[in-house]
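S.K.: Take a look at the letters that make up each chain.
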Amino acid sequence: AQSVTQLDSQVPVFEEAPVELRCNYSSSVSVYLFWYVQYPNQGLQLLLKYLSGSTLVKGINGFEAEFNKSQTSFHLRKPSVHISDTAEYFCAVTRPYNQGGKLIFGQGTELSVKP
Amino acid sequence: EAQVTQNPRYLITVTGKKLTVTCSQNMNHEYMSWYRQDPGLGLRQIYYSMNVEVTDKGDVPEGYKVSRKEKRNFPLILESPSPNQTSLYFCASSPGLAGGRETQYFGPGTRLLVL
Chain A
1 AQSVTQLDSQ
11 VPVFEEAPVE
21 LRCNYSSSVS
31 VYLFWYVQYP
41 NQGLQLLLKY
51 LSGSTLVKGI
61 NGFEAEFNKS
71 QTSFHLRKPS
81 VHISDTAEYF
91 CAVTRPYNQG
101 GKLIFGQGTE
111 LSVKP
Chain B
1 EAQVTQNPRY
11 LITVTGKKLT
21 VTCSQNMNHE
31 YMSWYRQDPG
41 LGLRQIYYSM
51 NVEVTDKGDV
61 PEGYKVSRKE
71 KRNFPLILES
81 PSPNQTSLYF
91 CASSPGLAGG
101 RETQYFGPGT
111 RLLVL
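If you read the sequences in order, they're chains A and B.
Under the numbering used here, the letters of the first sequence match residues 1 to 115, in that order.
Under the numbering used here, the letters of the second sequence match residues 1 to 115, in that order.
Extracted from the complex, chain A is given alone in its bound form:
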């Protein structure tokens, strides 16, 4: 069975500092990996996704993530955060050809950017 673990439930950081949000997954087969962001009182929107190819994936708003197969990780990074990045971030995994297109979500990480 697949599972996703986001290692930090809350990450406070000062504006313009770098940030890394950690995500580990478990799966016995190849997976597709996603990061979604949820701004306050809004639905989720896609930040980036890894399907295949280059292990470094670039997304919107200056975020990037690196797929590490040996460590089964997909950590999200941004070199310099803004106040507007304050949101909850969800890592998610799905299997190729899985049943029902089910995304398995992590528990979420609340990123709080302080001035």
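It is worth saying that the hints were derived from the structure and are not from the lab.
If a hint is listed, it holds; no wrong ones were tucked in.
Quick list of in silico lysine to aspartate or glutamate cross-link-like pairs, DMTMM-like style, CA-CA up to 25 Å: (1) B/K18 x B/D38; (2) A/K69 x B/E102; (3) A/K49 x B/D59; (4) A/K58 x B/E102; (5) A/K49 x B/E102; (6) B/K18 x B/E70; (7) A/K69 x A/D8; (8) A/K49 x B/E1; (9) B/K17 x B/E62; (10) B/K71 x B/E1; (11) A/K49 x B/D38; (12) A/K49 x A/E88; (13) A/K49 x B/E30; (14) B/K65 x B/D38.
Start from chain A and add chain B according to the hints.
M.R.: Then chain B, alone, in the frame of chain A:
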């Protein structure tokens, strides 16, 4: 504008009073899904639909029903709501499954309180 809409956005009800949360998408997507979001648990899938008249259970289907009579609509029905169904609900859609590679587009959420 391409979007997923949900109604109502906020709902307070009492135990046992049937309710329906509507979901509609204007992108001609085949795949639609319902999730519930609870603190510390991330998002969990309730039901999904791969096309008209095709629905199946997700991870937490107990106490919920769905129907897919038209491609654009995917209502969530709570026949006899209970307090443990108090949650934030999201509808999502995607063009298809494409083996799980497709991005899912989320509605703004419905916050439900069952007294």
